[in-house]
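*Asks:* Sequence:
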Amino acid sequence: METRELRYFVAVAEELHFGRAAQRLGIAQPPLSRTISQLERRLGAVLLERTSRTVSLTEAGAVLLREARAALDAVEAAERRTRRAALAASGRAGAVLASKAGASSELLAKLLDSYAAEPDAVTIEVLLCGIGEQERLLRDGRADVALLHLPFDATAGLDTEELCTERQVAILPAGHPLTGRPHVHMAEVTGLPDLPMPRWPGRDGKYPDGPGPQARDHAQLLQLIALGRACWIAPESCRAQLRDDLVAVPVLDAPTVTTVIAWPPHSRSRAVAGLVRTATRL
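Numbering (my numbering), first residue to last: 493 to 774.
The set of hints was computed from the structure by calculation and includes no laboratory data. Treat each hint with caution, since some may be false.
[Unchecked claim] Calculated pairs, DMTMM-like style, for lysine to aspartate or glutamate (alpha carbon to alpha carbon, straight line, at most 25 Å):
1) K698 <-> E559
2) K602 <-> D565
3) K602 <-> E617
4) K602 <-> D651
5) K698 <-> E506
6) K698 <-> D709
7) K698 <-> E507
8) K602 <-> E559
9) K602 <-> E728
10) K698 <-> D565
With these hints in hand, go ahead and build the complete structure from the sequences.
*Replies:* See below:
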C-alpha cells in the first residue's frame with residue numbers, strides 16, 4: 493500500500509462522505525473513489541459499505557483505519573526526526589520539550605533555568621499541550637523529550653528517568669462544602685452530581701459521551717471549576733497555579749503521580765542528554 497492510498501482512505505473513513513473527503517484532500521471525487529475501489533480489490537476486502545445516502549466502515553475498514561493512522565504517524569515522525577538529525581549534525585539544533593500545561597510548572601521552570609546555565613546549553617523550545625498530548629508529540633517526532641506522568645501516560649518503548657512522586661488533590665470551587673474538609677476520598681469527589689468530571693477530546697477530536705462538560709485545555713478546565721460546573725483530581729504541585737476562587741483538598745486514596753522525563757531510545761541529541769542530566773540532578 494502507498495501512503496497516498498492510506499491518506500485517501502483515512503480521509504473517507506473519518507468523514508464518511510466521499511465529497512467531503514475529496515474536498516479535504518483537495519482532489520476531485522472520481523479519482524478518490526477509484527483509489528478506494530482499487531485498494532479494496534488489492535486487499536480482497538470491503539472497507540466501506542456504500543449506499544446512495546450513507547458511507548460506513550466495515551470491520552476490515554475499522555482495522556485499516558487504526559493501522560493506517562499508525563503508519564502515517566510513523567512516516568511523519570521519521571521525516572521530522574530525520575530533519576532534526578540533519579540539523580543536529582550541522583550544529584544548529586536545539587531541542588523541543590513537551591509538557592502538559594499547568595502540570596509540573598515549578599519543576600519545568602527549575603529545569604529550564606538550570607539547563608540554561610550549563611556552558612554547552614542550546615535553545616530549548618517548550619510545547620505546552622493538553623491532557624495526554626505530550627506523549628503523542630514525543631512518539632510522533634514533534635518533540636525530542638517530554639515530561640510524562642505515571643500512571644496516566646504510557647512510557648513503553650521510551651527511555652525514562654523518574655524525577656518526583658506526589659499525592660493528588662481535588663480541585664474544587666471556593667465555597668463548596670468539601671473545601672472545609674482536611675481531606676476527601678475518591679468516591680466523594682467522583683460521585684458529585686453537581687460537579688462532574690470534565691470530558692477531554694480523543695485522538696479523533698471527538699468527546700466521549702458522559703455528563704461532564706467538555707474541556708479543551710487546562711485554562712478552560714480551571715474556568716469551568718471556578719464556575720461550579722466541574723471538579724478535577726490533579727497532582728499536588730498544581731496548588732501553586734491555583735486562582736483565589738479555587739481550592740485544593742487532599743484525596744487520601746488517590747494513586748500517587750510520578751513525573752518522569754522521557755525520550756526516544758534512539759535519540760542521539762546532545763541537548764536531550766543535557767536536559768536529562770540536569771533533570772536528574774535537580
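*Asks:* Please go over all the hints and tell whether each is borne out by the structure.
*Replies:* For each hint, the structure was consulted:
Of the pairs offered as hints, the one joining K698 and E559 holds, with about 19 Å between alpha carbons and a cut-off of 25 Å not exceeded. Proposed proximity of K602 and D565 is contradicted: the alpha carbons are some 32 Å apart, above 25 Å. For a cut-off of 25 Å, the pair hint linking K602 to E617 stands: about 15 Å separates their Cα positions. Between K602 and D651 the alpha-carbon distance is near 22 Å, which keeps this suggested pair within the 25 Å criterion.
Distance hint between K698 and E506 is fulfilled; the C-alpha atoms sit about 11 Å from each other, no more than 25 Å. For the suggested pair K698 and D709, the alpha carbons sit about 14 Å apart, so the restraint of at most 25 Å is met. With a C-alpha separation of about 13 Å, the suggested pairing of K698 with E507 holds against the 25 Å cut-off. Restraint check: the Cα-Cα separation between K602 and E559 comes to about 40 Å, which exceeds 25 Å; the hinted pair is violated.
Of the pairs offered as hints, the one joining K602 and E728 holds, with about 17 Å between alpha carbons and a cut-off of 25 Å not exceeded. Only pairs whose Cα atoms come within 25 Å are accepted, and K698 paired with D565 is accepted, the gap being roughly 19 Å.
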